[in-house]
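**Student:** Hey, can you work out the whole structure from these sequences and the hints?
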Amino acid sequence: SQTIHQWPATLVQPVGSPLSLECTVEGTSNPNLYWYRQAAGRGLQLLFYSVGIGQISSEVPQNLSASRPQDRQFILSSKKLLLSDSGFYLCAWSLGGPVYEQYFGPGTRLTVT
Amino acid sequence: DAKTTQPPSMDCAEGRAANLPCNHSTISGNEYVYWYRQIHSQGPQYIIHGLKNNETNEMASLIITEDRKSSTLILPHATLRDTAVYYCIVSGGFGNEKLTFGTGTRLTIIP
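Residue numbers (this note's numbering), protein chains in the order written: chain E, 1 to 113; chain U, 1 to 111.
Please note that a few of the clues may not be correct.
Subject to a maximum C-alpha distance of 30 angstroms in a straight line, what follows is the list of computed DSS-like cross-link-like pairs (lysine-lysine) [said to hold, decoys possible]:
(1) U:Lys69 / U:Lys98
(2) U:Lys52 / U:Lys69
(3) U:Lys98 / E:Lys79
(4) U:Lys3 / U:Lys69
(5) U:Lys52 / U:Lys98
(6) U:Lys52 / E:Lys80
In short, the hints are calculated from the structure, not lab data.
**Tutor:** See below:
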C-alpha cells in the first residue's frame, strides 16, 4: 500500500531564516505530487504541483520554491521566511488521471517568529 | 471563482444520517465531483468521487442529480468521529490535476 511521509511535524523558525520541508511517497511510481498551505482558520491553498521529475508548476507567486529531485520526493524551500509563511503545510500525491484522488500526508506546522 | 457552493455549517445527531449538499451548477461534462473531509489539525481525507452515477463505498454514498448540477454526500450513521470540515470539489479529467478546495461545510455531530 502507498504511504506518504512528511517531516518535520512541527517547526519554529525566525523571520529571514531558510526553510526546507520534505515529502516522500512509498508504494507507487510516478505519482503527481502537491504542496498546499493552510493558514490558521483558512482553506487549503495549492502552492505547487508536479507531474514528473523536474516538472514543477507554481500556483502562487511568493518566496517559496519547490523541487522534485527524485520520482517520489518533493521538497518545499524558502531562502528567507516571512511572518506570512506561517501555516500548516501539506503534501499530497495522486495517480495519473482522469481521476485525481489525492492522498495527504500528516503535515508540517510552521510558525515563523 | 468557486465552482461549488456548500452551506458553511451543519449539525447532525449521532447515529442519524448526515446529508451534506453541494451545488455545482456550472459543472462541465468531463468534470468529476470529489468529496474530502478534514478533521481538526489533520490533512484532508479522500472520501468518494463520482461522474454521473451514484456511488457508494465503505465511508459514504454520493448522490448526483441527473442534470449533475448538485450532489449530496451521505454519511449513513454519523459518529462523533465524523465531525470535520467537508469539501465538495469539481475538477476535470486528463490534464486537470489540480483540486481547488473551497471553504467547505463544518459538520458537527451532536451526541
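**Student:** Assess, step by step, whether the Cα of Lys52 (chain U) is no farther than 30 angstroms from the Cα of Lys69 (chain U), and give holds or violated.
**Tutor:** Judged against 30 angstroms, a Cα distance of about 10 angstroms means the pair holds.
**Student:** Is the hinted pair Lys52 (chain U) and Lys98 (chain U) satisfied, with a Cα-Cα distance of at most 30 angstroms?
**Tutor:** OK: Lys52 (chain U) and Lys98 (chain U) at ~20 angstroms, within 30 angstroms.
**Student:** Do the alpha carbons of Lys98 (chain U) and Lys79 (chain E) lie within 30 angstroms of each other, as the hint requires?
**Tutor:** holds, 26 angstroms
**Student:** Is Lys69 (chain U) close enough to Lys98 (chain U), meaning Cα to Cα at most 30 angstroms?
**Tutor:** holds, 20 angstroms
**Student:** Quick one, are Lys3 (chain U) and Lys69 (chain U) close enough, alpha carbons at most 30 angstroms?
**Tutor:** Between Lys3 (chain U) and Lys69 (chain U) the Cα gap is close to 11 angstroms, so the pair holds against 30 angstroms.
**Student:** With the threshold set at 30 angstroms, check whether the alpha-carbon distance from Lys52 (chain U) to Lys80 (chain E) stays at or below it.
**Tutor:** violated, 47 angstroms
Checked against the numbered hints given earlier, the structure breaks only hint 6 and satisfies all the rest.
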